[in-house]
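**Q** Assemble the whole structure, with the sequences as input and the hints as a guide.
Below are the chains, spelled out letter by letter.
Protein chains: 2
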Amino acid sequence: MNTISIIGSGGMAAAIAGRTAKAGYTVEVISRDPAKAQTLADQLAGGAMIGEYGAVPAGNIVILAVPYASAARVVADYGKALDGKIIIDISNPISSDVTGLVTPGGSSGAQEIAKCVPASAHVVKAFNTLFGHVLARTVALDAFIAADDPQAKARVSTFLERLGLRPFDVGGLQMAQTLEALGLMLIGVAKNGAGSWNIAFNVDLG
Amino acid sequence: MNTISIIGSGGMAAAIAGRTAKAGYTVEVISRDPAKAQTLADQLAGGAMIGEYGAVPAGNIVILAVPYASAARVVADYGKALDGKIIIDISNPISSDVTGLVTPGGSSGAQEIAKCVPASAHVVKAFNTLFGHVLARTVALDAFIAADDPQAKARVSTFLERLGLRPFDVGGLQMAQTLEALGLMLIGVAKNGAGSWNIAFNVDLG
Numbered sequence: 001m002n003t004i005s006i007i008g009s010g011g012m013a014a015a016i017a018g019r020t021a022k023a024g025y026t027v028e029v030i031s032r033d034p035a036k037a038q039t040l041a042d043q044l045a046g047g048a049m050i051g052e053y054g055a056v057p058a059g060n061i062v063i064l065a066v067p068y069a070s071a072a073r074v075v076a077d078y079g080k081a082l083d084g085k086i087i088i089d090i091s092n093p094i095s096s097d098v099t100g101l102v103t104p105g106g107s108s109g110a111q112e113i114a115k116c117v118p119a120s121a122h123v124v125k126a127f128n129t130l131f132g133h134v135l136a137r138t139v140a141l142d143a144f145i146a147a148d149d150p151q152a153k154a155r156v157s158t159f160l161e162r163l164g165l166r167p168f169d170v171g172g173l174q175m176a177q178t179l180e181a182l183g184l185m186l187i188g189v190a191k192n193g194a195g196s197w198n199i200a201f202n203v204d205l206g
Numbered sequence: 001m002n003t004i005s006i007i008g009s010g011g012m013a014a015a016i017a018g019r020t021a022k023a024g025y026t027v028e029v030i031s032r033d034p035a036k037a038q039t040l041a042d043q044l045a046g047g048a049m050i051g052e053y054g055a056v057p058a059g060n061i062v063i064l065a066v067p068y069a070s071a072a073r074v075v076a077d078y079g080k081a082l083d084g085k086i087i088i089d090i091s092n093p094i095s096s097d098v099t100g101l102v103t104p105g106g107s108s109g110a111q112e113i114a115k116c117v118p119a120s121a122h123v124v125k126a127f128n129t130l131f132g133h134v135l136a137r138t139v140a141l142d143a144f145i146a147a148d149d150p151q152a153k154a155r156v157s158t159f160l161e162r163l164g165l166r167p168f169d170v171g172g173l174q175m176a177q178t179l180e181a182l183g184l185m186l187i188g189v190a191k192n193g194a195g196s197w198n199i200a201f202n203v204d205l206g
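Listed in order, the protein sequences are those of chains V and A. Numbered according to my numbering, the first sequence spans residues 1 to 206. Numbered according to my numbering, the second sequence spans residues 1 to 206.
Below 30 Å or equal to it, Euclidean Cα-Cα: the simulated DSSO-like pairs (lysine-lysine) are: (1) V/Lys191 to A/Lys115; (2) V/Lys36 to V/Lys115; (3) V/Lys36 to V/Lys22; (4) A/Lys191 to V/Lys115; (5) A/Lys115 to A/Lys80; (6) V/Lys80 to V/Lys115.
Hints were generated in silico from the structure; no laboratory data involved. From a predicted model like this one, the values you see are computed outputs, not experimental measurements.
**A** As structure tokens, then:
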């Protein structure tokens, strides 16, 4: 229960792993490139386990912290090794010119990934509306989650709270479409309206 | 320059008209039902003009404050009467079961409306990410805008600032897709995560 597995070794993987280690969880870092996993593990306060790519992850919560273009292949590589896991999809399926989403109309990256995981696994959309560098350094942030399974959603909510984030349930997994649009909008606001990449969306409770 | 025209007489029309009148603009209220326009005008501090439905609006900025399902018909009724106008589309094209958007994949309500207006008119997406009752009573709020024409966008930005809102440019009109997703997400957060309809999204500038 107290181990969180993170597949990936980029900026978002590092930001999430950093907060997770600080919150007192055991972190398992997994990468197709073991050297990259080791580099990330060495950066973490208290160190981390290194997981074998493709083997059953140690954590019940598995964070898929890879680019959207790689996500389906990673999930296929794992196959039945993800049985019963809660899989957090953090991806932003954004076109290379950053003007739109590459997902099919009426779907989302999270829903597409959900089609590829074992039936006993649960996909939860989270973290995609936060920039990694903001997540790494800003303590209090709002985090939005979408998922179909209530228990998986509750467990991810608890996880986010322990990271110091304020979770907001947006609805079922189909609402990942709105979260992925918000990911694109965050970039749009950073480039156009805010003139800064040090931004985050918060909910104002009136 | 100092007159704002509002087509519509519902809750959002009233909220926008109220802030606009308080900001010192002359408000022109227009409805297919003149009695409804008169009722709204009577509520406004300092009163308002009543415009004739389908005639050339008095304002250079025309706020299309009608449901998405009616917007195309209203724009068609106006036809050339909207020549050269800045048309603010505030609609949320949400399905009746509030689980998704009714717009074609890869498009937005704003882009669909833009196909129907005269070539000399400019469509700006704004106001759709704010609940009317929040807009009516909360002074400081963030407002997001998307549009292709820089001059139209700048003028709407100035208008929003005069209403006490903090405008954020999200990008071109195709980014209205993200704003309409945010409108749906706002409802999702209100129903699921926040347990309150008194919410708004703000940008945290770190």
